[in-house]
Amino acid sequence: MLINLRYASNAASLNAIWGLLVVSILWGTSYGVSKPLLMHFSVQQILFLRFVIAFVALGILIVKNRSYLVFLHSPQPYVIVGVSTGVILTGIFMAETRALMSSHANQVAVLISLCVLFTPILERIWLKAVLPPLLWIYGLGSVIGVILITGEHSLNINFSSGTLLILLAAILRAVMVVSCRKAFSTYELQTDVVTFIQLSIVTTVSLILVIQDASHPSLIHTLKFASTQDYLSIIYLALGCTLLAFILQNHSVKSLDASHASLLMGTEPLFGLLFSIIFLHETLLPLQWAGSLLIVCATMIACYQFSNHNRTKLDR
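My numbering puts the first residue of the sequence shown at 62, with every later residue one more than the last.
Source of the hints: derived by calculation from the structure; they are not laboratory data. Please note: incorrect hints may appear among the correct ones.
[Stated by the list, open to error] List time: in silico DSS-like cross-link candidates among lysine-lysine, alpha-carbon distance up to 30 Å:
| no. | residue 1 | residue 2 |
| --- | --- | --- |
| 1 | K125 | K315 |
| 2 | K125 | K243 |
| 3 | K189 | K315 |
| 4 | K96 | K285 |
| 5 | K315 | K243 |
| 6 | K189 | K243 |
Computed from a predicted model, the values in this text were never measured in an experiment.
Make a model of the complete structure from these sequences and hints.
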């Protein structure tokens with residue numbers, strides 16, 4: 062029985078690890094894909110299109126699979142978890158969107174990566190979790206790796222409103238991961254239904270922002286003059302970087318500690334860098350190679366430590 066439990070736990074953890082690495086790849090590529098769109102669309106319009114397409118697509122899947130029946134049978138936990146985490150998710154995107162308007166992208170990447178340090182603190186306080194020793198060192202190593210990847214100018218941080226917003230986004234990311242871990246440990250929930258409710262919250266807020274935005278042409282006008290490449294990019298952001306990514310993230314935190322999940326998603330800048338090299342033909346500096354290696358090593362060692370830590374808990 063113990064062997065079966067251990068095997069099931071290892072299999073679920075391994076699938077969750079691969080799932081979060083896919084999330085990191087998708088989110089890492091999203092910056093390069095979004096950049097050309099900003100020539101025609103506002104940030105609010107891109108955000109709305111991403112989430113409304115993902116929302117509709119997931120809604121169709123839920124109706125087709127009849128997943129809505131579990132919600133109708135027991136709506137309260139889904140509403141509590143979906144709405145609360147949806148509000149947190151909205152706060153993350155709002156903070157990041159506003160901050161990008163007044164901060165450099167490399168500084169944003171460094172400050173966002175602090176999530177890997179905030180998550181263990183929050184998980185220890187909120188969930189009373191017993192985490193592997195030296196976890197802080199792995200998290201710090203990952204942050205240093207991000208600093209090396211983004212360059213020396215990433216440290217020239219002026220504590221403006223944009224800086225505070227990014228720090229808020231990093232804290233909210235930690236809250237999001239820990240709260241999802243708490244929710245899925247407390248309730249037996251279907252991932253797609255929770256994700257659907259989360260997407261509905263962000264879609265509603267982003268629609269309000271688009272309607273209130275008078276500084277850009279209307280969304281309908283912008284869509285009329287969009288190219289085929291623009292449409293393909295929006296579809297990729299919606300179905301890949303939004304729908305698939307959030308389903309995988311919600312599914313993965315069922316099997317992994319929040320800190321473990323946060324470290325894996327902390328590899329996002331690494332995949333963003335690889336995307337810029339392969340598709341945008343940017344060159345990699347020696348320090349960026351070192352930063353990439355540091356992130357990979359810190360993440361791999363942390364995964365190994367978490368595996369041993371969980372195996373020890375099962376043996377008990």
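Hints, one by one, checked against the model:
no. : hint        : result
1   : K125 x K315 : holds, 24 Å
2   : K125 x K243 : holds, 29 Å
3   : K189 x K315 : holds, 17 Å
4   : K96 x K285  : holds, 19 Å
5   : K315 x K243 : holds, 9 Å
6   : K189 x K243 : holds, 11 Å
Hint compliance for this structure: no hint is broken.
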